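Using the hints, put the two chains back together into the complex; each one sits in its own frame.
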Amino acid sequence: MHAVTLDAPRSVESKAPPFAAVAEELLDDVYGYLLYLTKNWAVAEDLTSETFEAAFKKWRRFDPRRGTPRAWLLAIARTTALDWFRADSRRQRREERADAAEPPRDSEGAFGEGLSPALEDGLRALTAGEREVVALRVVLDLDSEETARLLGITPTAVSTRLSRALAKLEERMRDHDVDA
Amino acid sequence: MTSTPDLIHELKVSRPTAPTALRARVREISAQETARAPWPKLRFPVRRAALIAVPTAAAVAFASAGVLGLTRSGGTTQAFREEAQANKVTTEDGPAYGALDTLTVPAPGASGGGRDSAIGPTNDRAQRVSATLTVEVPDSDAVSRAAQDALDLTRRLGGHVVSASVATGTEGSAALTVRVPVGKVQEAIVGLSALGRIVSQQVTIEDLQETLDALERREASVRSQIARITARLESEPLDAETRAVLETRVKTLRAELRGLRRGISGTHAEARMSTIQLTVVTPGAFGAVAPPDRLDRTIDEALNVLAWEAVIVLAVLIVMAPFALAACAAWLGRRFYRRREEERLLAA
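Listed in order, the protein sequences are those of chains A and B.
Quick note on numbering: the first sequence equals residues 14 to 193 in my numbering.
Quick note on numbering: the second sequence equals residues 2 to 349 in my numbering.
Calculated from the structure, these hints are not laboratory results.
All values derive from a computational prediction rather than experimental measurement.
There's no promise every hint is true.
DSSO-like mimics (lysine-lysine), calculated; alpha carbons at most 30 angstroms apart, straight line [to be verified]:
1) K13/B x K181/A
2) K70/A x K181/A
3) K70/A x K52/A
4) K71/A x K52/A
5) K13/B x K52/A
Looking at chain B on its own, in the form it has when it is part of the complex (with noise of 0.2 angstroms):
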């Protein structure tokens, strides 16, 4: 009885051998070897291809992002910080709202001056008005100095502090908020935007002379009803409880009155003086507009081209994505029916 190790031994001893015919014509197919072209055919290795063509075309997306960023970040620094700070003031002077108006003040960047371009509250009406000023000085002594010049300078102008913090250090700051005549809000931000560099600035003036016109047609209102039903009180006999009801009603008019001497007497003090808030920083302090240097706008151009190479692969992909798919479906369709006719071939 054969077992497998049997089986296995015998069908290793019979291995078949080629006959001699068979050996010739071989040997006769290798001999053509030596007569081919030297030359090898010009052949295209897909691999070998796709090998070389995935990191060029990866090296020339990057190179292409590093030389745009490069031509599109610009001239100087300073060039840029000047080019940056005009658009600020464009869209600071843009159009006002409402009772709001935007006054031209030193443009930003400049250090003092400007007067002769500012333009300032009209004297025959009511006006709010309010500055924000932000200047950049060298240093942290600088930031001392410029807050106590502006003390000094809101003093002179017969002004007061609402308020100032100054912090020293590394990167010192300072936020000062202080009340100056209207009449001299020209002066004190010419005065404060001489402190430093302007880094933004924005005056607003609000119209406040229909506020303190309605108010003070309504005292006058007030006013003569109170005196007709004081007269109606003295000259007619009353019943009582007409009397009663008439002296409630003055009572109300004249708290009304009360409330209104006070509004017109705020509002005049609100158009009196200005609020100016008045900002110091040093380069690269919290609240400072530090312009990016060269290296930094480099990548950042570089990595928007790169953002845009990258949306254009990905809606290629996308565009190629369904052939890509059925080629995909078609390779494994073609490649499962292979399979299963070389079964069924060698089942046989």
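Isolated chain A (complex conformation) (with noise of 0.2 angstroms):
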């Protein structure tokens, strides 16, 4: 599936679809990004509802002149992790001044059916920063520019961000064919 038809050339005039149809419509890409940003499905999904309540609550606002419904959640999405990105960090601050850190959350298969273990492996090398980048650019094939203004970046960043990625990906995969 696939936001074809909410990505297409917005009208002046146009006026924002209703929520529930956007929020069908692009579960899926919210919920891939978050799992790839956080490597982690139940903190994907915890993130996933957590920025469909956001976005509910600030619908009204939305403006289809201004940008996709995509683009709009997506920034949420990004908004709502960032903040669980800084608790996360605050609270593992805590636990190793308190010398009792927890064993990391299960994330077995986090990044969905039918990737192979080598490219799993892969992408859990990657940083969250670089994981971003392949699930904007990649798996949700938002254009350059977009993703630029999601990430508040330069295109070109984006593309030296992605291109670092994949190469990093390749080696990984590369390693892991030798190791076979």
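Right, here's the structure in full:
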């Protein structure tokens, strides 16, 4: 399923579609993005719920003339994820101080069905920022401009980050093949 | 071995899909849509408000400038003209400096008359009287007539023309310098003022009596010295050197005496005749005081108000600038910090 209809060129007079339709259409995109970002399906699910709750509250403010619903939802998802990263970082620091670090939550099969174990490992080895750009540019097929706007960086930086991420993945998979 | 296109293909075909439980949860959230209040919450969109407020403020500024300009521009052009000219008379009737006196003459804007209010030079003192008059006549033909009348009047009063220049055309003008006997100056001014509407006027009297008295005293002294030396040269036996010195002295004194006589004579002549400079103009001609019409005055006043508004806005901006800069710096700093923090978080 792909959000072709919602990403079509916008008309100036266009009206925001019903939230339910948008949510149904873009749920997989938001979930996939958050899954790649957090590499943890449980966290991704929680954050996806939070994202749609926040989006639902803000839906009246959404202006179709200023962007697609997908870009808007992904921006909210990103903010939600960054908040979680901050909270998680604080929690980890507290636990480190208390010397009671919790074992990492189970994230087996985190990146979806059908991925080879080598690619799963490779994705897990990337940084969150690298996985994010892979998710947006490759998995969700956002163009370079839209991704750059979402991440707050230049399109060139997006291309650089993506190339680096793919090169790392390739390398990891090559290593995996050698090990095998 | 896996290539990048293969990687991309694999990533694309293995897109994550949301679990059923999550889909149900999101559907629940969406289902609340119908239960929401039909009225949107009142919000204050800053950008839209600014989009309206800025042009509105500009419109108010221009409108207030226009209204104030219209109000302050006063009544008719004639009223403004009279007011302006009244102000001019006040200026020209200001205090005199040194030996200068300014006469009261028919008021600007008046056509002729004013004889009763005029004061003249005193007859028992030598005075230099000069007057400058500008009169406005309706058209170019009237300029020629006025110039001719002025020349006739001058001759009739026993005066003469020093210079005359008359230009005709769409904006005719004439410039005349005439000299009339001091005793007739009042009559001349009144007569010349009657040639048209008085635009500006100034009569100046400079006292020459003190100068004349000094010249006459010096003349008497020189005469006396010459008489004494001459008597001595004639009556006393003098050596050659003394005689030569005295004769040189007499020569010098006689030369000085001739100069003094010329000076006394010139001063008397100056005091006998007054000089009048007359300019005759048509409305709009160079040199004429063309009173601005109502529209011009309204625009002037409106521009003044706008200038004041700009000054106030500038002052407010100057006062606010440090706070705005501080706020801007804080915003940029926060943004930079957040960006760095995001990078750090996503680098994990």
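Cross-check of the supplied hints:
1. K13/B x K181/A: Measuring from Cα to Cα gives roughly 18 angstroms; hence the hint holds.
2. K70/A x K181/A: Roughly 39 angstroms between the alpha carbons, so the hint for K70/A and K181/A is violated.
3. K70/A x K52/A: The given pair, whose Cα atoms are some 27 angstroms apart, holds under the 30 angstroms limit.
4. K71/A x K52/A: holds, 27 angstroms
5. K13/B x K52/A: holds, 17 angstroms
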